[in-house]
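K.L.:
For chain G, the structure is supplied; the task is to place chains F and L on it using the hints.
Chains as they are written, first to last, in this note's numbering: chain G, 67 to 324; chain F, 23 to 340; chain L, 22 to 592.
It is worth saying that the hints were derived from the structure and are not from the lab.
Hints may contain errors.
No farther apart than 27 Å at their CA atoms in a straight line, the calculated lysine-lysine pairs in the DSS-like style are these [said to hold, decoys possible]:
| no. | chain 1 | residue 1 | chain 2 | residue 2 |
| --- | --- | --- | --- | --- |
| 1 | F | Lys38 | G | Lys255 |
| 2 | G | Lys222 | F | Lys307 |
| 3 | G | Lys255 | L | Lys215 |
| 4 | F | Lys274 | L | Lys215 |
Facing chain F, from chain L, some residues (calculated, C-beta under 7 Å) [what the hints assert, rightly or not]:
| no. | residue |
| --- | --- |
| 5 | Arg411 |
| 6 | Val415 |
| 7 | Ser505 |
| 8 | Phe508 |
| 9 | Asp516 |
| 10 | Asp517 |
This one's a predicted model, so the numbers in the text were calculated from it and none came from an experiment.
Glycine included, every Cβ here is placed at the ideal spot set by N, Cα and C.
Each chain is listed here by its residues.
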Amino acid sequence: MKIAVCVKQVPDATVHKRLDPATNRLDRSGEGALNPTDVNAVEEALRLKESAGGEVVLVSLGPEKAMDSLRKGLAMGADRAVLVSDAAAAGSDLVGTSRVLAAALAREAPDLVLFGQQSSDADGAVLWAAVSDRLRRPMVSQVAELTVEGGTLTGKRQTEFGYDVISAPLPAVVAVSDAINEPRYPSLKGIMGAKSKPQDVVALGDLGVDSAEVGEAGSRTTVRSVAPPPGKSDQVRIDDDGSAAEKIVEYLAARRLI
Amino acid sequence: MPTLVFLETHDGEPTKGGLGVLSKAASLGGDVAGVVLGTGVRDAAEAAGAHGASVVYVVEDDALAAPLPQPRVDALEAVVAASDAENVLFPASVLAADVAAGLAARLEAGLNWDLTDFRLEGGELVGTRAALGDTVIVEVGWTSTPRLGLVRSGTFDPAPSGGTAELRDVAVTFQDFTTQARLVEHLQETSSGPSIEDADVIVAGGRGLGGPEGFSICEELASALGGAVAATRAVVDAGWYPYSAQVGQTGKSVSPKLYVALGISGAIQHKVGMQGSGTIVAVNKDPNAPIFDFADLGVVGDLTQIAPKLTELLRARG
Amino acid sequence: MARRASGVRPADYPPPFRDTEAIAAPTDAPDERIDVGVLIVGGGPGGLACAIRLGQLLEESPDVRDRLGDVPVAVLEKGKQPGSHLLSGAVMNPRAIRKLFAGRMTIEEMPTYGQVHREAVYLLTKGASVRIPPPPTMMNRGNWVVSVSEFGRFLAEQAEAGGAMILPETTGQALLLEHGRVVGVRTGDKGRGKDGAPLANFEPGVDVTAKVTALAEGTAGHLTSAAIDRFGLQGRNPQIWALGVKEVWKVPQRLDRIVHTMGWPLRKSARYGEFGGSWIYPMGDDHVSLGFVVGLEYADVELSGHDLLQEFKTHRLVRKILNGGERVAWGAKTITEGGLNSVPSRLNAPGLLLVGEGAGLVNVPRLKGIHYAIESGRLAAEAAFAALRRGEAVGRQGALDGYDRSLRESYVWKDLAEVRNMRQAFDKGFFLGGALASAMTVTKGKVPPKELETHPNAETRLMRTGRAAQYPAPDGQLTFDKLSSVFASGNRTRDDQPSHVRVETSVPRDLAEMWHWMCPAQVYEVGEEADDGTVQLLVNPSNCVQCGAISAKGGRLTPPEGGSGPEYTST
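Extracted from the complex, chain G is given alone in its bound form:
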């Protein structure tokens, strides 16, 4: 079974994530790491490969140095890495990024495509839904348990209303939640072997993607302005004089929180 895992590099050190004032986009010049939930996806792919055999390919869109974090996935046990790196793709929005990834994935023709998805979804970027539409493949997201047998996948999908057990035929796209597994640490042998595994860098032209359709130029969304958040202007402070509990109830009731 050929499994492709879509991963992205994110700026490391949560300390000073900042927006580049020149472009109003995330400043990615700091060192990068694999997006933590993508590591869950790589782990799941490796487990499937270990039980069913096959190949695990990492696919990513990013600057050339993103290959460093792809190597971490290779160190865990993935077989190959494909990095789409093209200046024209910088600043791509969901539409542009999904176009590029879909093209790269179509080229690989995997049986299964995995994405990592934060269960609390703070980031909100639902790339897998856009990519699966372009690939014209069935898709299941928020998967907390995944099995593949005889060309069919079964996933336990977690929603606000409980769990839905979904099945779909391969080839398919799955977004796994960070609850699905505990990723392995790469072994030292794995880290050392990663460097000699195939790492391909491809450009948009190699994928037949028109650069006008991606990057800043092809973006369908804009950032108009960035500002610090308004201070909490309506903070309330109470010094307990015996009636604090009542005042808290009043406060919560007024805001319809109880």
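P.N.:
Chains F and L only, in chain G's frame:
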């Protein structure tokens, strides 16, 4: 050229989130339409009308019976075409996020997500969202139509305005690939109470509780509020509460509607795990505790007196 | 101020740790072991210079390289990446880096913040500053301002380009010995829980075997300490350390000179044992690096390096420089201070080389160590290469003596000899020490005729003076508390790891409090008092930024899980 609002339904009822976004969209003026997809969803259209939709597009089909996103992309593509919608807004949910992104790819349309507000400026939609862990506020726009937006869950409350909507059925041809995923079965959560990541209300305890017994105060209050109990790293390290309840930089990140912090100083390692919470209420006997810098309601006092009293009052309210 | 000398000596409460714990025989089956040519522990300037020089030499001698197997040179780095655990001022003497890259690259092509043009030294009192002529040891014209973290990343890239394999997030847990010679290093386990039991994703460490092992662990090196103990390499004097706490600030106005200060907020009388000072260096047009250093032989229970830095920033001189700016980084690290007489008696053993600060090669009066690390790394590479090329058993006694010889003939040794008693002179207090230091400079080390002794930092008897009352309350703008500073260091250590800090936990209150104040990362807190008057020491190991101070003052830092700790980028 209306604004179309995706009204997710559950058991035939529209979700609060959808009605909230609908109410907000209606308040901006202009044409607002709702869309309901599924089986047995016509009644949901009534609620839509009462919250400001003049038209509700309905697609009823067995392909939409299960709460799966891909057939909904087909359906929305048809509804967008039928309605000539300029804006399509979604209340964020697991399902809606997938639908919105799929639709973005299908229509090659821009999608802005995690919106905490939106407005019309010169007839065009402008959105507001927080970024970088809620440390900056960003104004976002679109370069083409239709403009797709995912609105952060719980941002807007439904505001009934009376009125009825005209129902319009739309016929949809579903693609092969969108109907290949099937619902095998639904499993209800059997856990006792919400997990902290999903909870709307969290009562968190820190060093100020004085010891592991202090957590019974948190548990009682959480039970009265229908919420979950969380803990700071310091008390988890000390063995007062399990690691699965740890909120913070190296624990879980949560953003409930209400976060009650009992005996928590508010060091940044904890703050980054909960600063996105809707309303933060802090009780601490140290008036200089950093948590008071960012709590919405800060109470300086003895939590061992205040919290149990609060629990009692809440229970009395029923 | 009331002074109470409790007389408690940290050295009387030694940690539950023996250096022998870090010595082991290989246990992995031969096909499980990883075999490399030369193994370097530590991806700092010393270790990377060694790797770079080896790459250069092996390129010219492919026959030697072939004998070293698939991985001729490997570097273990415990941080997330090279640079993550590097912190210094720093003003670097370019001599060593120019030699290392002679004919290949000039320093102008390397990441620096430019050369020093102007400098000033001030003697501070609480309300004033007096400019004093820079002591001869502090002339920095011609030296270069660098961020050692950034420079380390650059050196790592060069080392990799030269063929070295850098292995980040990997610790050296034990030195592997066979028949009395060093044959490699055992790396640390990953994925253990708080109680030490393996978790679901447990990954055991491995035996990495090598023909030559170079330890370049920097300050308070774990394996270095074990090696010195095992091979009897102790220097004439015990080793001592200072703690430096540093911040990087973005500032609106350019600082046009490097600044050093002495005096306030440290106290001059010998009884306090407070030796140190500060630096403020420009980093380009819009940033500054500043830090406060204090020797760890101090006596006051409440002395806190972090709070001294915060207090220091409230001085008018410093406020002016930081005005309108914002803090963008924080970190802490110890500095090896013993000088030449604390350097191990020999820096090589069978199969082993000791490089850089770990070997004590730091010039405290000049505040220089980076170029000695680089030069010693280069010389170590040459000695290792020479032995390997001779084709002899590199592990035999004396095979690596060439390293000691070349180091003793180098400027590193000459420089350190001149200042070898200077730091110790300050045991006599600021003024007497200053006078002695001047005499040493003028006579190039011939005064004093008798070598001054050093006492281990942990032997100082503690006293209380109520010092903490003078520390400023953190305001979140100019001054900061420890927890938010630990956050600013990028520390996100997994908190269900086993504790890597070895320290006695039932101790007199004064000792527990001393550790609480000493630690810049708030690892130690004072817990409940027991019936016998001792208190329980609470340890929060996940705050630890691995500065090493605890090792100097009564405990023992060991390496936590690889990848833990700070993620410095600009320190």
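K.L.:
All hints are to be evaluated individually against the structure, with a verdict given for each.
P.N.:
The hints, checked one at a time:
1. F:Lys38 x G:Lys255: violated, 53 Å
2. G:Lys222 x F:Lys307: The hint is violated at about 45 Å.
3. G:Lys255 x L:Lys215: Between Lys255 (chain G) and Lys215 (chain L) the Cα gap is close to 26 Å, so the pair holds against 27 Å.
4. F:Lys274 x L:Lys215: holds, 18 Å
5. Arg411: This interface hint is violated because 51 Å lies over the 7 Å limit.
6. Val415: violated, 43 Å
7. Ser505: holds, 5 Å
8. Phe508: Nearest chain F Cβ about 5 Å off; hint holds.
9. Asp516: At 5 Å from the nearest chain F Cβ, Asp516 (chain L) passes the 7 Å test, so the hint holds.
10. Asp517: Hint on Asp517 (chain L): holds, closest Cβ of chain F at ~6 Å, below 7 Å.
Violated hints for the displayed structure, listed by number in ascending order: 1, 2, 5 and 6.
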